[in-house]
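> These protein sequences, in sequence, are chains A and B.
Quick note: the first sequence, position 51, residue 50 per numbering that gives the first Met the number 0, numbers continuous.
Quick note: the second sequence, position 592, residue 591 per numbering that gives the first Met the number 0, numbers continuous.
Everything labelled a hint here was simulated from the structure, so no lab data went into it.
For every residue, glycine included, the Cβ atom is placed at its ideal position computed from N, Cα and C.
Output of the computed footprint for chain A on chain B, the stretches with three or more beta carbons under 8 Å from beta carbons of chain A:
1) 530-538
2) 547-559
3) 617-631
Here are the simulated distance ranges between beta carbons:
4) 491(B) with 106(A): 40 to 50 Å
5) 452(B) with 106(A): 42 to 52 Å
6) 499(B) with 104(A): 51 to 61 Å
7) 110(A) with 34(B): 30 to 40 Å
8) 106(A) with 626(B): 23 to 33 Å
9) 101(A) with 631(B): 23 to 33 Å
10) 554(B) with 42(A): 29 to 39 Å
11) 405(B) with 110(A): 33 to 43 Å
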Amino acid sequence: MNEHAREVSAAHELAIDVEAAEAGFVVAVSGEIDIANIDLFRSALQYASGEADVVIADLSDATYIDSSTIELMMVTSRELRSKRGEFRVVAALESRARRVLAISGVERELLIFETRAGAMEAGDPTVRA
Amino acid sequence: MTRETSPRITAHSESERSSVLIVDDREENRRALRAVLDPIDVTIVEATSGEEALRKLLTEDFALILLDVDMPDMNGFQTAELVKRHPRTANTPIIFLTAYDDLLDRADEGYGFGAVDYIAKPSDPHVLRAKVRVFLELHHKNALLRRQTRQLEDHVEQLRVSRSALADAQRIANLGSWEYDPTTGRIRGSRQLHEIFGEGADAPLPPAATLFRQLSFRPNDVPGDILMRSTTPTNFEGTLTRRDGARRHVIVHAEPKVDTLTIIGTVQDVTDQREAQRALDAVTHELERERELVQMFQQTVLVPSIDLAPDVLVSYCYRAADAAVGGDFVDVLTVDGGAVLLAIGDVAGHGLAAASVMSEIRTAFRAASISLPQPCRIVERVDTYLAEFHRGTYATMIVVRFDPESGACTMACAGHVPPLAIGEGHDEIKWGLGEPPLGVGCPSRNETSFTLDQGQSLLLYTDGLVERRDESIDEGIDRLQCVVAGLEPSRPTLAEYVVEAMCGDSALKDDVATLSLHRRPHSDTIDVSRPAHVSELASLRSIFRRWLRSFASDPQCLDDIVLAVCELVTNACLHAYSLAVTGEVTIHGEVDGRYVTFVVRDSGRWRDARPRGGGRGLKMVDGVVEQLSLDRSDEGTTVTLKARLDAPGLAEA
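Could you build all of it, start to finish, from the sequences and the hints given here?
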């Protein structure tokens with residue numbers, strides 16, 4: 000019965016996990032984000048931004064993101080930068096999220112990493128600065 | 000699936016707030032459950048032990064109990080056993096919460112204790128919330144139905160009283176006779192006439208003119224002394240206003256008597272009859288209204304919409320039996336990934352009791368379908384529910400899971416009449432013959448699979464469709480097969496047509512439900528019309544993906560186009576309707592060679608200065624399409640995009 004439960008919720012349903020790591024807070028997204036459920040992602044990012052200077056949005060398992068997702072990440076990135084924090088995005092080259100980042104033309108404005116490990120190893124922005 | 004955004008599940012009534020009892024000895028677990036249930040408008044009551052739970056159950060009504068299995072002293076199963084033993088709480092549904100690892104081992108044990116469901120801890124908030132909502136809906140509907148049943152019973156009793164009052168009134172023929180002599184102006188009357196006019200039985204009557212002036216006849220209040228000039232037999236109806244002030248409803252007959260040159264007649268006091276009749280009419284009217292309500296109740300549990308997807312056409316029909324509503328139901332759900340779940344069922348018996356069980360089964364079906372994608376598992380769950388909560392009630396049911404992409408159908412059948420496939424060269428459907436009905440608590444059920452090809456239809460029906468007094472069910476099914484044999488499978492109202500053809504206008508002894516699903520052939524155009532609301536986006540994505548898949552073989556190209564169209568729909572939802580009530584957004588898609596064109600139309604006006612996000616969306620669309628044009632007018636906004644498909648379209652294939 001559990002494997003069925005997983006099968007149902009696996010494909011498109013949005014699930015967001017917030018995890019504290021040494022490097023900062025990781026907000027991991029799986030499933031589809033659109034304007035209808037963006038508030039879940041927004042509150043997770045806000046929570047993480049309140050707790051840590053470095054927030055990593057891991058979009059590796061995001062199967063759909065849209066312009067509202069991009070907009071939210073741009074705002075989050077600006078806000079974190081203004082308090083000397085850093086917003087990092089995990090989206091591998093072949094991933095759907097990366098493609099949408101590219102279409103939106105924000106690849107240069109966001110810190111994008113291939114893997115979560117890479118994003119975590121990027122170091123402390125305050126030290127680096 | 001029936002997730003939080005689903006408009007079909009409303010958790011509670013406006014008037015009464017339901018309560019959920021959380022039983023868990025650990026504070027952190029109760030806190031977590033509270034947080035999960037927070038978005039639901041429900042009163043949460045907590046108990047830290049089985050004993051406390053039982054105390055609270057004695058004084059309060061709960062729509063649902065969330066019960067931890069592992070508690071010290073009295074564990075969840077022991078608690079459940081006591082809950083089930085008490086008549087007041089026996090029907091309260093219980094969802095057991097148990098550690099993930101124990102789930103499979105303990106599931107069977109728990110069902111024995113009346114569990115309706117299991118949730119593993121830590122629980123998936125979406126699933127838990129969705130399930131709680133389903134049970135709240137059930138609770139609410141049952142309360143509504145109970146109220147209506149009570150009212151209906153009251154009215155039936157009133158009807159009985161009124162009928163007997165009318166019979167009494169009619170038995171007592173309150174008829175007086177009179178004879179008027181124009182030459183003397185005097186009137187003689189029978190004893191009853193004296194009584195009707197409120198005159199003493201022995202006292203002489205006043206002169207005719209005085210007496211008759213107490214009468215006025217319809218229409219236009221004709222004065223009663225018209226009787227004194229009667230030249231032909233005439234009937235009047237009107238009001239008698241007696242000298243003592245009492246008003247009576249009377250029917251008066253007058254005719255000239257030639258031999259004596261007098262006028263004779265009768266006065267009948269029909270006040271009591273008329274009142275009884277009026278009361279009867281009122282009660283009958285109420286009863287009709289109640290019937291309509293119950294019918295409406297039946298209707299509201301039916302599928303609201305047939306516009307599932309451009310390539311899936313669903314139609315249904317429900318007809319109540321002549322005498323009473325029954326226990327037939329149909330339901331259609333779209334589940335994650337675009338699959339469609341069809342259900343049809345028939346609760347044994349008639350009337351409100353059957354209708355009530357029907358609504359519970361439907362709710363149990365919905366609850367089960369949230370976490371169980373397999374039809375046989377869903378049927379097993381509903382079976383357990385019925386066996387537990389309505390022992391001795393039986394029902395039949397079919398659940399079909401249809402994959403619109405491949406046409407694959409998986410079906411579980413519980414003693415129901417077999418479905419039919421309609422259209423050329425369809426698979427033979429091997430239904431689960433011999434599968435027992437719901438209510439027997441059959442531990443494991445079988446599934447059958449078949450494929451519905453493009454252009455074919457599937458028809459599910461209840462036995463009311465094929466049952467006639469003068470023929471066996473098999474003969475009825477043969478007749479049905481003849482009816483559908485020559486039928487065009489794409490007929491939009493197939494379900495209704497079949498009922499018409501089989502039952503005509505004749506009075507039904509059993510209610511009838513039909514449900515049809517048509518798999519439309521793939522087309523190089525698509526038309527979708529939806530409320531301009533962002534909650535539609537997820538299902539639109541799955542529709543567009545499915546449609547584009549046969550034209551665009553490169554997944555990235557396909558995803559880009561879906562993104563572009565959905566950005567346009569998002570804009571239509573956000574901007575065109577930011578202030579007004581929700582309108583419609585219509586999407587037309589067309590494949591032409593290597594290109595696809597989408598036209599997204601709404602009936603609102605876009606504001607010129609768009610807030611953040613909207614501009615970015617359009618820019619993104621512009622980045623992935625070849626052409627983009629925007630046309631704003633007073634009638635609305637039309638955006639057209641043309642994008643390259645890397646795979647050739649149908650025309651070149």
